[in-house]
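Chemist: So you can see what is in the structure, the chains are spelled out below.
2 protein chains.
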Amino acid sequence: MRLLFKNGFIVNVFTGEIETQNVLIEDGLIIGVGNYGESDADEVHDITGKYICPGFIDGHIHIESTMLLPAELAKICIAHGTTAIVADPHEIANVCGADGIRFMLAASENIPMTVYIMLPSCVPATSFDEAGAVLEAEDLYSFYNSHRVLGLGELMNYPGVIEENEHVMRKIRDAHVAGKIVNGHAPMLTGRDLDKYISSGINDDHECSSIDEALERLRKGQWIMIREGTAARNLESLLPLFDEPYSHRCILVTDDKHPADIMENGHIDSIIRKASALGKSVITGIQMATIQAAQCFGLKGVGAIAPGYAANILVLDSLDKLQISEVYYYGSKVSENGEALYFDNPQISNDLGESVLSSFNMPILSADCFHITPEEGKCRTIGIVPGQLITEELLYDIDFSKNNGIDTERDILKIAVVERHHNTGHMGLGFIHGIGLKKGAIASSVSHDSHNLIIIGADEEDMSIAGNRVSEIGGGNVVVSGGKIIAEMQLPVAGLMSDLSAEMVAAQNEKIRECVYELGVYPEIKPFMNMAFVSLPVIPSLKMTTLGLVDVNNQKLVPLFTD
Amino acid sequence: MRLLFKNGFIVNVFTGEIETQNVLIEDGLIIGVGNYGESDADEVHDITGKYICPGFIDGHIHIESTMLLPAELAKICIAHGTTAIVADPHEIANVCGADGIRFMLAASENIPMTVYIMLPSCVPATSFDEAGAVLEAEDLYSFYNSHRVLGLGELMNYPGVIEENEHVMRKIRDAHVAGKIVNGHAPMLTGRDLDKYISSGINDDHECSSIDEALERLRKGQWIMIREGTAARNLESLLPLFDEPYSHRCILVTDDKHPADIMENGHIDSIIRKASALGKSVITGIQMATIQAAQCFGLKGVGAIAPGYAANILVLDSLDKLQISEVYYYGSKVSENGEALYFDNPQISNDLGESVLSSFNMPILSADCFHITPEEGKCRTIGIVPGQLITEELLYDIDFSKNNGIDTERDILKIAVVERHHNTGHMGLGFIHGIGLKKGAIASSVSHDSHNLIIIGADEEDMSIAGNRVSEIGGGNVVVSGGKIIAEMQLPVAGLMSDLSAEMVAAQNEKIRECVYELGVYPEIKPFMNMAFVSLPVIPSLKMTTLGLVDVNNQKLVPLFTD
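Protein chains in written order, with the working numbering: chain A, 1 to 563; chain B, 1 to 563.
Simulated from the structure, these hints should not be mistaken for laboratory data.
Mixed in with the good hints there might be a few duds.
Because identical chains cannot be distinguished in the list, a pair is counted as satisfied if it fits within a single copy or across any two copies.
[Stated by the list, open to error] Derived lysine-lysine pairs resembling DSS-like cross-links, with alpha carbons at most 27 Å apart: (1) Lys378 x Lys6; (2) Lys180 x Lys300; (3) Lys300 x Lys556; (4) Lys526 x Lys484; (5) Lys50 x Lys402; (6) Lys300 x Lys438; (7) Lys196 x Lys300; (8) Lys402 x Lys438.
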């Protein structure tokens with residue numbers, strides 16, 4: 001079946017020019033760009049006055065962070081013109097190990113959006129992390145046989161690279177030997193340390209939050225992934241990268257983006273629109289999101305409207321406004337007017353399904369579990385910084401005589417991180433400031449990167465109820481007040497993902513949001529988002545793990561009480 | 001051993017910026033670019049006021065056309081800043097088959113210039129060619145295991161691609177499956193045929209002689225190799241490619257360049273200097289010759305001054321004039337002030353040496369062999385076009401009563417192409433116009449692409465002497481006059497390459513030139529160059545093969561006499 005796109009304007013991503021040519025498609029591939037006519041085709045699609053450009057590629061995304069299965073995510077992404085994503089299944093791998101990677105490959109097979117996979121490089125993230133699995137080089141390398149596996153995922157363990165840790169270096173070497181790339185993740189690294197990190201063959205970075213940081217990396221040969229997600233937004237800071245001589249070494253990524261945000265504002269398309277609103281060229285944005293993303297990853301035959309390329313094509317009603325009216329994936333229409341067309345969800349084998357659906361293994365909690373025995377000295381308290389993932393270390397005099405230290409007047413809540421993979425009974429316990437909860441408790445199985453059970457509460461009984469409920473439903477987000485579950489979102493897939501549609505997940509999320517704000521959480525705080533990063537001991541300054549508080553800057557466990 | 005380049009200006013090929021940074025090198029690699037000091041290094045090289053840039057990459061060259069072994073070629077190339085070449089050993093493969101490829105790999109091992117190999121795709125070039133070997137896909141694919149083999153060489157058989165010839169398609173598929181690229185060669189192809197050719201996954205083209213031809217290919221996704229060699233010179237026609245939005249999709253190549261030309265004018269550096277003299281940016285030229293060449297071939301870790309990259313570094317006394325004072329290859333100085341430093345030539349195994357040194361296998365010739373029995377009609381005569389590889393078909397009334405048709409007054413000479421690989425006794429015989437020889441004969445074993453023995457003469461006895469001498473010395477160029485050999489260049493390696501230095505080859509070549517011009521050859525003719533292409537039945541219009549005359553446009557053998 002030959003399909004002809006006739007009378008459109010083509011965005012040529014190799015040159016940035018607009019061409020007036022017809023495009024001929026057969027068997028999912030573009031076979032001609034030029035003076036083709038109706039007699040060449042079985043079907044003719046007259047797009048007079050419209051533009052066509054290649055489908056967008058999100059160069060770095062964590063599917064788990066959308067709480068959607070790949071197929072459900074695809075439905076909302078393709079509606080916004082994304083025909084490929086590069087996903088690092090780091091979260092599910094921390095819970096389910098290699099089975100998690102296998103699951104994500106299987107759950108993204110034969111859907112109308114290509115899901116490339118980067119192998120999680122740092123499972124567990126740190127030695128403080130009690131994750132569900134440990135992934136060594138020998139657990140990973142056989143995955144490189146998959147053509148959808150493009151390399152080793154964001155190498156957060158930059159100290160390991162700089163110190164030439166043999167386990168880390170072997171993972172890098174395996175990727176390179178397989179002809180694959182290694183994604184970087186080294187915020188704030190500069191100078192000599194950065195040189196050493198890059199020297200090991202790290203392709204790119206998506207953590208640049210300042211133009212100076214980005215330019216140092218770009219000049220040293222890394223591709224810059226301009227990240228604009230739901231939480232982390234670097235586009236405005238990095239806007240000068242849209243100009244030459246920098247733009248051709250940059251691509252666009254979302255990293256973490258919530259379903260409601262995607263549905264409402266868009267995906268990669270929204271980054272391009274925002275850059276355009278800030279005065280930059282739409283065509284430059286399209287180039288970043290297409291051919292340059294392909295180049296960054298060494299992908300051949302995707303990311304351009306050219307002979308031999310995949311017929312992943314967007315029809316645009318307007319180029320300036322990037323209004324996407326139709327999306328074609330390998331020559332088949334998969335979305336129209338912002339609505340994905342129906343497709344069958346992938347089948348998952350029973351073994352793999354079982355592995356990801358039964359990830360919780362922990363004791364039942366009681367209110368007593370959260371009791372802290374007072375000692376001399378101030379308490380190291382985690383201080384939330386609104387809008388950021390970093391936390392402050394605060395020192396508080398805690399009055400244990402009332403509520404065992406919980407003091408909603410001073411916004412001092414209890415926080416617990418409970419090991420939930422191997423039933424060790426390990427639990428870190430302490431205080432947190434900056435959330436604003438006046439009563440009740442919230443609990444979640446989404447807590448980077450080990451995804452243990454995290455509970456924050458103004459009431460120990462409610463904390464136990466919330467925590468037990470998350471365990472009972474195999475993972476999720478739960479809000480409890482006055483002994484009652486008042487909202488929840490079930491995330492049965494590894495405790496990270498729902499099996500529902502984006503619309504339902506967004507609706508559940510909205511309900512939960514309403515409930516937590518009613519319980520007193522400050523409007524500027526996104527409690528589940530903040531909570532999810534409070535246990536990640538690679539982002540400064542003070543974090544809570546199953547083993548207790550971690551001083552991130554010094555990379556050591558510290559006691560709750562200080563002299 | 002750590003070497004520091006201090007106080008230089010760095011040409012950053014990622015951005016085109018000039019940076020004032022120090023560069024630290026260890027174990028052949030650049031390990032740091034920045035604020036490094038003397039205490040970081042064992043050796044400090046103060047290059048105050050000088051520039052450094054990455055070593056140049058010639059993206060397409062036939063080593064055999066230089067008549068030098070790879071090591072000898074390296075000596076004159078590195079002196080001009082070329083630290084890597086991508087060579088298609090198409091010529092030696094036509095003579096020696098897979099042994100020829102093996103020989104070129106062995107003969108370029110561990111020399112101070114990286115020789116990447118593209119596998120010859122079209123051996124023999126056409127069905128009219130009686131080459132020394134036939135290379136099928138199964139003869140080639142195991143070579144892809146070599147990291148120096150980057151893909152399938154220039155795919156001249158574009159009709160085979162367009163018609164989806166199964167042998168051709170298998171060769172392409174093998175290259176792609178191995179993760180390698182396929183070089184193009186499709187002059188004048190346009191529109192639908194070009195789309196089909198490119199659709200099969202052809203990476204680039206080096207045959208563009210007009211800007212329109214180049215732009216069509218570039219817009220359709222091919223890399224454009226701007227060729228500027230000794231004979232074929234496309235730089236001036238393609239000069240607009242040095243501007244955006246085109247320059248970043250272009251690289252520089254020489255294709256065929258003679259040793260004297262390299263020694264006198266330079267190699268890739270001379271292309272950049274010429275572009276600069278024509279008003280284009282030296283930095284753009286450097287980018288084409290370095291990082292872009294690496295990108296075109298998917299090479300990692302070469303072509304930039306950046307951490308983790310090979311320390312292939314040029315020290316420039318002047319950027320504007322591209323004056324190269326020192327050349328470093330993997331951190332070792334290999335050339336200084338235009339002179340390569342000493343290195344050991346590679347050792348070749350006896351078997352491989354034997355295979356390439358004994359390539360001649362043909363009968364002894366006598367003057368009678370060149371006798372033509374007259375028939376009715378005019379004679380199809382090859383008409384040389386000065387400065388070009390194409391020929392015209394001329395129709396002459398030949399007077400066979402004198403000298404069996406040779407008529408130096410009308411510049412009608414005899415031409416013979418003698419099969420010399422398998423002793424078949426096949427010989428094509430006819431007439432040629434436009435050389436100017438007044439007496440004697442010239443003979444050569446360099447005759448594209450099959451490299452049979454080609455002889456042009458004003459005297460049949462001299463033709464036999466010249467031909468027999470070429471056979472006797474195992475290949476070469478020979479000039480005979482009055483029954484005596486008056487000049488010769490021995491090319492014992494497959495009849496294509498000398499085992500002498502570039503200086504000696506150039507001197508021999510000069511001697512031969514003097515002799516042939518004394519014999520009457522027109523000043524505007526390069527007789528051995530023209531002769532070498534007179535037997536190539538893929539370039540229009542009329543060519544001579546061992547099977548007789550070929551009408552190239554109609555791709556058929558035609559008789560000498562026409563109605």
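Chemist: At 27 Å max between alpha carbons, let me know whether Lys180 reaches Lys300 within a copy, between copies, both or neither.
Modeler: So Lys180 and Lys300 pass the 27 Å test inside a copy (13 Å) and across (11 Å) alike.
Chemist: If the cut is 27 Å between Cα atoms, do Lys402 and Lys438 qualify within a copy, between copies, both or neither?
Modeler: within (15 Å within a copy, 117 Å between copies)
Chemist: Have a look at Lys378 and Lys6 and pick one of within, between, both or neither, based on CA distance no larger than 27 Å.
Modeler: neither (73 Å within a copy, 52 Å between copies)
Chemist: 27 Å Cα cut-off: does Lys526 pair with Lys484 within a copy, between copies, both or neither?
Modeler: Within one copy only: 22 Å inside a chain, 95 Å across chains, cut-off 27 Å.
Chemist: Given identical chains, is Lys50 near Lys402, meaning Cα to Cα at most 27 Å, within a copy, between copies, both, or neither?
Modeler: neither (67 Å within a copy, 73 Å between copies)
Chemist: Between Lys196 and Lys300, at a C-alpha cutoff of 27 Å, which is it: within one copy, between copies, both, or neither?
Modeler: between (29 Å within a copy, 17 Å between copies)
Chemist: At 27 Å max between alpha carbons, let me know whether Lys300 reaches Lys556 within a copy, between copies, both or neither.
Modeler: neither (44 Å within a copy, 38 Å between copies)
Chemist: Using 27 Å as the alpha carbon limit, work out where Lys300 and Lys438 are close: within a copy, between copies, both or neither.
Modeler: neither (55 Å within a copy, 56 Å between copies)
In summary, the structure is inconsistent with hints 1, 3, 5, 6 from the numbered list given earlier, while agreeing with the others.
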